[in-house]
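**Q** With the hints as constraints, model all of the structure from the sequences given.
Number of protein chains: 2
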Amino acid sequence: MCQYQRMQAYPHGEVVIVVDCEDLDRAADFWTEVLGYSRDGEPSERYLSLLPASEHGPDVLLQKVPERKSGKNRLHLDLRTRDLGREVERAVGLGAVRLSTEPLLEGGWLWHVLADPDGNEFCVLQPPATYWT
Amino acid sequence: MCQYQRMQAYPHGEVVIVVDCEDLDRAADFWTEVLGYSRDGEPSERYLSLLPASEHGPDVLLQKVPERKSGKNRLHLDLRTRDLGREVERAVGLGAVRLSTEPLLEGGWLWHVLADPDGNEFCVLQPPATYWT
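So the sequences go chain by chain: A and B.
Mapped onto our numbering, the consecutive letters of the first sequence carry residue numbers 1 to 133.
Mapped onto our numbering, the consecutive letters of the second sequence carry residue numbers 1001 to 1133.
Some hints here could point you the wrong way.
[Said to hold, decoys possible] Straight-line C-alpha distance at most 20 Å; calculated SDA-like pairs for lysine to any residue:
| id | chain 1 | residue 1 | chain 2 | residue 2 |
| --- | --- | --- | --- | --- |
| 1 | A | 72 | B | 1121 |
| 2 | A | 72 | B | 1066 |
| 3 | A | 72 | B | 1108 |
| 4 | B | 1072 | B | 1121 |
| 5 | A | 64 | A | 18 |
| 6 | B | 1072 | B | 1022 |
| 7 | A | 72 | B | 1047 |
| 8 | B | 1064 | B | 1108 |
| 9 | B | 1064 | A | 113 |
| 10 | B | 1064 | B | 1045 |
| 11 | A | 64 | B | 1071 |
| 12 | B | 1069 | B | 1108 |
| 13 | A | 69 | B | 1042 |
| 14 | A | 69 | A | 108 |
| 15 | A | 64 | A | 29 |
| 16 | B | 1064 | A | 29 |
| 17 | A | 69 | A | 132 |
| 18 | B | 1072 | A | 61 |
| 19 | A | 64 | B | 1108 |
| 20 | B | 1064 | A | 117 |
| 21 | A | 69 | B | 1070 |
| 22 | A | 64 | B | 1096 |
| 23 | A | 64 | A | 47 |
| 24 | A | 72 | B | 1083 |
| 25 | B | 1072 | A | 29 |
| 26 | B | 1069 | B | 1118 |
| 27 | B | 1072 | A | 16 |
Calculated from the structure, these hints are not laboratory results.
**A** Shown next, in the form of C-alpha cells:
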C-alpha cells in the first residue's frame, strides 16, 4: 500500500484527494476509467484507494459516506484536455451527467460542468491552444 | 502558465484540484505554506494557481466564490505524514482550525480533522509505521 517511494509534491509526506461516495464500486468504476487510474486491491468497509498509472499524480481515496450530496462541492477536480467535446462525451459515456447545457467561455478557456455518479461536480476544460505550447 | 511538460497522471491532460475560497490571498498564503507550493503569478479577479515545487503533484487552483461554506466538504485533502503532532501544530500555526479534539484512530491510522481559513476540512494523518517501509 505504501506509495512513499513515489515522488511527492508535498514535502512533509503525501497529498491524497478524498472523494465521498455512496457506493465504492460504482465510484471506482467511474473514476478509474475517467482518470486512467487503477484500484489498489479490494475495498474495505469504508475505503478504496485508486492509484495513478505512473508515479506522477496523487492517489484518490474513495470514502463511503451515509449522507447524500447537498449543495455545491467546495473542492472539485478540473480535467484540462485538448478536445473538450471528445472528453465530455467520454465522461458521459462512463456515467457522468452534464450539468452545463452550453460550454462556458472565459479568457479563451472553454468548459463544461459535469457530475460524477454521486453528484460531485467536476469540470472538463479546454484551455486556449497557447496553453499547451 | 502551461504545465503540460510536467508529467501527468491523467492520460487525457491535466488534473487540477480546485478549492473554493472567499479571499484568494488569504487562501494562497495558507495553502502555499501548508503544501510547500508557490503562487503562479498574481491572482486574477477570480482565480489564482498554486504550483508544486517539483514537477510531481497536481496544481491547486484557488477559486473565489461569493458563498460561504455550508455542510461538510464532499472532496477534501488528506495529508499523510510521519509525525501527526508536529504537522498538526504546523498547520494550526499557519491558520488552520483543529476540528477534532482527540486524534481519531482506525486500523493503525491516527489523524486529526482540521479546517482551512475558509472552513474547508482537510485531514492530517499518521499512517502505521509499516506504511513507509
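**Q** Now, for every hint given, state plainly whether the structure supports it.
**A** How the hints compare with the structure:
no. : hint             : result
1   : A:72 to B:1121   : holds (15 Å)
2   : A:72 to B:1066   : holds (12 Å)
3   : A:72 to B:1108   : violated (33 Å)
4   : B:1072 to B:1121 : holds (7 Å)
5   : A:64 to A:18     : holds (10 Å)
6   : B:1072 to B:1022 : holds (17 Å)
7   : A:72 to B:1047   : holds (18 Å)
8   : B:1064 to B:1108 : violated (37 Å)
9   : B:1064 to A:113  : holds (17 Å)
10  : B:1064 to B:1045 : holds (8 Å)
11  : A:64 to B:1071   : holds (17 Å)
12  : B:1069 to B:1108 : violated (31 Å)
13  : A:69 to B:1042   : violated (34 Å)
14  : A:69 to A:108    : violated (31 Å)
15  : A:64 to A:29     : holds (14 Å)
16  : B:1064 to A:29   : violated (32 Å)
17  : A:69 to A:132    : violated (35 Å)
18  : B:1072 to A:61   : holds (17 Å)
19  : A:64 to B:1108   : holds (19 Å)
20  : B:1064 to A:117  : violated (26 Å)
21  : A:69 to B:1070   : holds (12 Å)
22  : A:64 to B:1096   : violated (25 Å)
23  : A:64 to A:47     : holds (6 Å)
24  : A:72 to B:1083   : violated (33 Å)
25  : B:1072 to A:29   : violated (24 Å)
26  : B:1069 to B:1118 : holds (7 Å)
27  : B:1072 to A:16   : holds (18 Å)
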